[in-house]
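From just these sequences and the hints, can you work out the full model?
Chain order of the listed sequences is A, B, C and D. By the count of the working numbering, the first sequence reaches residue 648 at its end, each step adding exactly one. By the count of the working numbering, the second sequence reaches residue 648 at its end, each step adding exactly one. By the count of the working numbering, the third sequence reaches residue 648 at its end, each step adding exactly one. By the count of the working numbering, the fourth sequence reaches residue 648 at its end, each step adding exactly one.
Just so you know, these hints were derived from the structure itself, not from any lab. There could be a bad hint or two in this list.
Given that identical chains are not distinguished, each listed pair holds provided it fits within a single copy or across any two copies.
To be verified - Below are the EDC-like pairs computed for lysine to aspartate or glutamate, each with C-alpha atoms no more than 16 Å apart in a straight line:
1. Lys638 with Asp597
2. Lys471 with Glu453
3. Lys648 with Glu338
4. Lys648 with Glu301
Small disclaimer: the values here were computed from a predicted structure and weren't measured.
4 protein chains.
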Amino acid sequence: MSKGRVCLAYSGGLDTSTILKWLINEDYEVVAFLADVGQEEDFVEVEKKAMALGAKKMIIQNLQKQFVEEIVHSAIQCNAIYEDRYLLGTSLARPIIARAQVKAAEENNCQYLSHGCTGKGNDQVRFELAFAACNPSLKVIAPWRMPEFISKFQGRQDLLKYAAENNIPVSSSPKAPWSMDDNLVHCSYEAGVLEDPDHTPPKELWTRTLDPIDAPNKPYEFSIYFEKGIPVKVITEDKKEVTDSLDLFKLLNKIGHDNGVGRVDIVENRFIGLKSRGCYDTPGLTIARLAHIDLEGLVMDSKVRELRDQFVTQAWSRQLYNGMYFSPEREFVEIALVASQKNVTGVVRMAVYRGNTFVLGRSSDASNLYSQEDASMDSLEGFSPEDTTGFIAIQAIRLKKYGLQKQKDGESLSSK
Amino acid sequence: MSKGRVCLAYSGGLDTSTILKWLINEDYEVVAFLADVGQEEDFVEVEKKAMALGAKKMIIQNLQKQFVEEIVHSAIQCNAIYEDRYLLGTSLARPIIARAQVKAAEENNCQYLSHGCTGKGNDQVRFELAFAACNPSLKVIAPWRMPEFISKFQGRQDLLKYAAENNIPVSSSPKAPWSMDDNLVHCSYEAGVLEDPDHTPPKELWTRTLDPIDAPNKPYEFSIYFEKGIPVKVITEDKKEVTDSLDLFKLLNKIGHDNGVGRVDIVENRFIGLKSRGCYDTPGLTIARLAHIDLEGLVMDSKVRELRDQFVTQAWSRQLYNGMYFSPEREFVEIALVASQKNVTGVVRMAVYRGNTFVLGRSSDASNLYSQEDASMDSLEGFSPEDTTGFIAIQAIRLKKYGLQKQKDGESLSSK
Amino acid sequence: MSKGRVCLAYSGGLDTSTILKWLINEDYEVVAFLADVGQEEDFVEVEKKAMALGAKKMIIQNLQKQFVEEIVHSAIQCNAIYEDRYLLGTSLARPIIARAQVKAAEENNCQYLSHGCTGKGNDQVRFELAFAACNPSLKVIAPWRMPEFISKFQGRQDLLKYAAENNIPVSSSPKAPWSMDDNLVHCSYEAGVLEDPDHTPPKELWTRTLDPIDAPNKPYEFSIYFEKGIPVKVITEDKKEVTDSLDLFKLLNKIGHDNGVGRVDIVENRFIGLKSRGCYDTPGLTIARLAHIDLEGLVMDSKVRELRDQFVTQAWSRQLYNGMYFSPEREFVEIALVASQKNVTGVVRMAVYRGNTFVLGRSSDASNLYSQEDASMDSLEGFSPEDTTGFIAIQAIRLKKYGLQKQKDGESLSSK
Amino acid sequence: MSKGRVCLAYSGGLDTSTILKWLINEDYEVVAFLADVGQEEDFVEVEKKAMALGAKKMIIQNLQKQFVEEIVHSAIQCNAIYEDRYLLGTSLARPIIARAQVKAAEENNCQYLSHGCTGKGNDQVRFELAFAACNPSLKVIAPWRMPEFISKFQGRQDLLKYAAENNIPVSSSPKAPWSMDDNLVHCSYEAGVLEDPDHTPPKELWTRTLDPIDAPNKPYEFSIYFEKGIPVKVITEDKKEVTDSLDLFKLLNKIGHDNGVGRVDIVENRFIGLKSRGCYDTPGLTIARLAHIDLEGLVMDSKVRELRDQFVTQAWSRQLYNGMYFSPEREFVEIALVASQKNVTGVVRMAVYRGNTFVLGRSSDASNLYSQEDASMDSLEGFSPEDTTGFIAIQAIRLKKYGLQKQKDGESLSSK
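In structure tokens form, the structure reads like this:
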């Protein structure tokens, strides 16, 4: 008799194929689920494989547009970044995937959700916290944290042996000496030879960006139009004009790819208290983020920006990294984020060249904050230089007291 | 009879030469002061000119090493950055210059300090706040904020006329259509044609970096060694090894220059409530900052980093930008900064290539935080995957309540 | 011929009466303006006096309800406090008064706004920044910062002399040896004998609260009902029930007054770089703030609260203190504030007794976050204690590394 | 044969007596450990009981002075508070107790540490994280999270039955209908009837403070002297003078107790994602904290205070609450904390009266920041009121643009 129905996140790889079979062997019924968030995948083959292995059903959903409009746009609006370097590519996709998997489970009367994430990584946390919020009553089967599973499958050899015994087809192409995860936003590379943080990623590792040295030897120019912090149009030097949200992001990806933009290689702090090394190539988001930051310089009030930088950007980025997208605090922070963007409307002209992204200029009709007249060092209209004397004098009150105290303490600030 | 003695920050240019002469014509005695903080300058010519114009004395001080060791090192340690883009080049030099000028004034019995900063910029604030703290009893003469001065000199023509009348030599080379300020760290370009934020800086503007397209078509590799967050050694692919603090920073500048690293073009928020457009090329600090951030990834505790990023980096950067170097709050924040760096010791291997800076690898003996063993997805030593189940379950308590409340409110999180 | 029309904030006191007369003597036409924000005042007398002194018009507006609903409610929602002690009473009223004065100026064709604030205080800044935002084209006349005015009126004697010469009626009651400012929220006491921060405020100073020792010797109980963070109903032990926003706040003021609640005596940091000593009695807001904080404990998510405390409460309070109510950043923060309050609905039962405010209990139907079942130490339903083992183990990863590093460094944490 | 040696935190109560016996019955050797951190306890009886039950040894250590000097002083220096209300009494003692227990385990060759904390509370986390840092190699036995233990002891009846069977003496005095934990700083009350957050704590609950209504009907005055933020002397109105750190804190406790100072009743957010209701009476620390905050008003620079409030106070308090005392981040924050206190030297005169603590005055020779001369509204020395005009004008630049934009958008700020 069946122990129940499991909705399994299934990628067609050796790990999740093994889990699919193992669940069936453990008397579960399995509904396989795969989200298309823009990764490289032969979806037809995955479906065939799932059904061949005994899945009751294989659900494949294209969530690319949802991904861009619900999450990537917010990431652009808040200049999201983790630990100063990582643009959060993997983390951004997780909430969209997890929510769709929960929905698939609900629609197919599953009592369980399952996934093939390892027991040391961030992704298990991101998936399961999203599951918990999206449907608190569904239970989770996480084989890579179950003693009976991990004792059975202690290494790749055990998986291959099980595959052979259970007619699980195994790809003949040799496995790369690292793990990869890709979606519309980026591809990540970690583990394997990359576990040595001093091991330089080989040239062939990067899949989403040309090596800058192989990119065209001339800058490529284009303009990004923003409305309320969201990119709404791109026009390129060869007169391509794109406005559809998904097409636009794919175009930025292509521009970034062709010109080698968006590679990072870091050691980061995982949520669960370990450090790990990751390499990421993130072409389109790298470009969009820089353009957005630049436009904010032109149109955003300085104090709003200061508060947004210190609180919203940090909080939202960390929430996404830690799998807290479906949480009261992310919902709270997102309201502030949207509020911060109301004037972020304008155009940024850009060029990419062999790994670089340069801003060539920016303009906006939405804000009166930048004024050529005001900024001019020569112009004196509407501004009295004597006012600055008072401004400085008031600021100096406190600093003079500081200087006097230092003198009194024998540590005059000018003595050094 | 003399109204007193003024220590004037004198650069040899038309503005400060006019001020020098004007002060003398107003019956002040003038001691001219010029700090060598690494800018391009013919110091001998400046001295000659000052004396020819009637200065009692010309003081030229080489503060380059002080600049690097007291300020640039702190900037590297805290990954200093203003509004996500500007590495603070001008702001960093101001405290060192201002303090030396105060000291020169004290040693030469001056009652006044003077400078040629305009009345709308940040620099007047930075200088005068530093003056106020370093010696609260000295008075400031800021001609560009004095009605009698600015009504007399309403444009460049007035300055040239005054120069002709007062035998002030004027450079025959045509003035660039923008202002520049340079020091060891960067050169800034603003005003003039750059006041249109959509005007792309022309190729010839940049003085500290080659155009990436003109840089060598091959990566250049080198390693930076850090101790407690401070760069202490650089070894290059051609076996150059430098350890002197000033030589090391100059070498990074040269590497950056030759490979087109460190250009930014932004609209920023000045302290005094205006936005302005600035272009900056900052070769060495761009490289050093990235290397330092990278090393922190390997060796710094995640929670210390989070606090440091949110608190120290933002505060220190803003303090410097706003001219608050000599302040109780900068002194306070600096103590936390130094404390944060105690394990930031190790080597970062890097490559530059046509505008890009890449990290190739990093290593450290100073910290046990990164462990290849721990990080490995395959290894299970010293770590029980079941623990993560509990970790997630506890984190999920709050999120499940959130999801249940949403269900109750008819907004189930899986319904979208 | 008239130099123009001035809308003067007029209180009827010696200072603003002198200014009124002085402006007329300087050939201005004066429209006197007085906002009723709940202060003790004989408004009829003030009007008579203004007209007698030559004002073209006297405008008196009751802004009490606006004050409570637009500002006081926000202060309650964000638990507003400055430097841990001051409930911002004066600062809260300023935006409401300033906006109404601007409107009065506009409606009466005034080109100028004027006030009697001194040149060292916060209030001049608060008024003038609000003026600047509410109507950037109106000019400000601030006599206490005008050399011609302050040289003429160097002390109280000069004011009295001018009053005698210009038929300005002077109150015969002796002036208190300190300054006071009162409104619906509080009365402030500063300057005079209070400038010695070690001088204890005399018993007769306080006007809004009984001395606790003179208050009834028995607790008085009542309940405050909140909706989305705003107090909407109070029911007292003697069955009084109030729901009107203004009546409700006045009732809390009375409860606080009668029971000696809400006195503070502090040295605070003014916006303009000086410290000053202030005493404040703030009966109703002290009670409402405590009740609100208590209810948030029951119904607000912990992470939302943490972000709100660190970000919204600090920023909003400082913005109000510094006169930045009409600013992009306050508008931004207010959106986050409102978002934070969506579940802050419930009842808090309270008692006051001789200076104390105690919470007796609280309840809410709006949130599922507190659960007696969950919280119970005895109950084991829906919660697995083993989960906590994993939670702790994961948190401990980082701390064990810390402990091991300390051991290695010869500073074992258990050695002390 | 013995499974090994356990160092058990033993209080003499029913729970830990049961655990002691159960461990022995499970073939462990038990070294009982009890820290004296100022709680009410008959230490001789506890020791007798432990030995009677079969402990190999009973270690009782007086850690009161260490507690005050290492932790309570830091709490005072940083005005520590959790969620605006809770002074952290229990959390403060945990690190001191845990470290001593680890040391006792090390000295007695124990391989295990054990405690009687429940599986839903904060204390298990605090103890075990401190254990992990202080000695990462010791293992933890937490019976209330072990399935075999909790299934055996499902309620108080099971404990009593086991006690009867194992000759565990049971106190004949009836158990209070809530749990208590006390130390030098406070006594906490939670669980039982208090789990209903609307149940008012009965009068007899509070053990550390008189009911304000029963306290003397006259204020009691005293002065607290601080050096670098630490209380170093108290002089009372009846000429008692105390300087020893422990005696001083006990005196403040007595003053607070006798005058009913320091009760709070809140719903708080536990670290592990649940809300719980707690009542606390914290007499001495409530007084010391208020005095310290008051003195900081007089002597601390405003910007240092702002940074300290936002980062140090929040971070340190949360670290202590969450059991992260022995962590890199607490060590980091503590350095900033100490740095912030260098001028916090002076005297605060205070009075307590029936639940209230009032500041009567304060003075300091350590700082020049407060100046009666400067603060005076009448004095004009050393300060030019015109400067404020410039200060305001510069601040207004941004706000005028905001007001103009609002006008342009048809939402003029004066229109409301």
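Results of checking the hints against the structure:
no.: 1; hint: Lys638 with Asp597; result: between (49 Å within a copy, 14 Å between copies)
no.: 2; hint: Lys471 with Glu453; result: within (10 Å within a copy, 38 Å between copies)
no.: 3; hint: Lys648 with Glu338; result: between (71 Å within a copy, 13 Å between copies)
no.: 4; hint: Lys648 with Glu301; result: between (56 Å within a copy, 13 Å between copies)
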